[in-house]
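**Q** Sequence:
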Amino acid sequence: MNIKDLLLNGTSFLLLMKQYAIDIADIKIQDEELLADYFFKHPQLSKESICIEGKNEDGIINFFGTLHYNLFSKLAVFEMQGFEKSAGQELN
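Per the numbering used here, the very first residue in the sequence shown carries number -1; after that it's consecutive.
Treat the hints as calculated values from the structure; they're not laboratory data. Quick caveat, the model's predicted, so the values are computed rather than measured. Don't take each hint at face value.
Unchecked claim - Cut-off 25 Å, straight-line C-alpha distance, at most; resulting in silico cross-link-like pairs (DSS-like, lysine-lysine):
1) K53 with K16
2) K2 with K39
3) K26 with K2
4) K26 with K39
5) K16 with K83
6) K83 with K2
7) K16 with K2
8) K45 with K2
9) K45 with K72
10) K53 with K26
Start from the sequences, fold in the hints, and give me the full structure.
**A** If you want it as structure tokens, here you go:
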């Protein structure tokens, strides 16, 4: 199970994306592969700073915050600390 799937298990992350009119298909977690490797090596409750990119009709929104996770419980929670909007860019 990847990080995005863990986040989508919770309703608060889905509500955050809905609030900014971001389609779930247009979400990208920066360095997700590196983070996933780290998380699998440390599956206990922990946290890591992350950036999540989302795209809506107005452009790109970068969400900055802390990902709290516990792979044993298959749980991840994103605690947003800020965001930045960038109009007219393409999501990679």
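**Q** Report the numbers of all earlier hints that the structure fails to satisfy, in ascending order.
**A** No numbers; nothing is violated.
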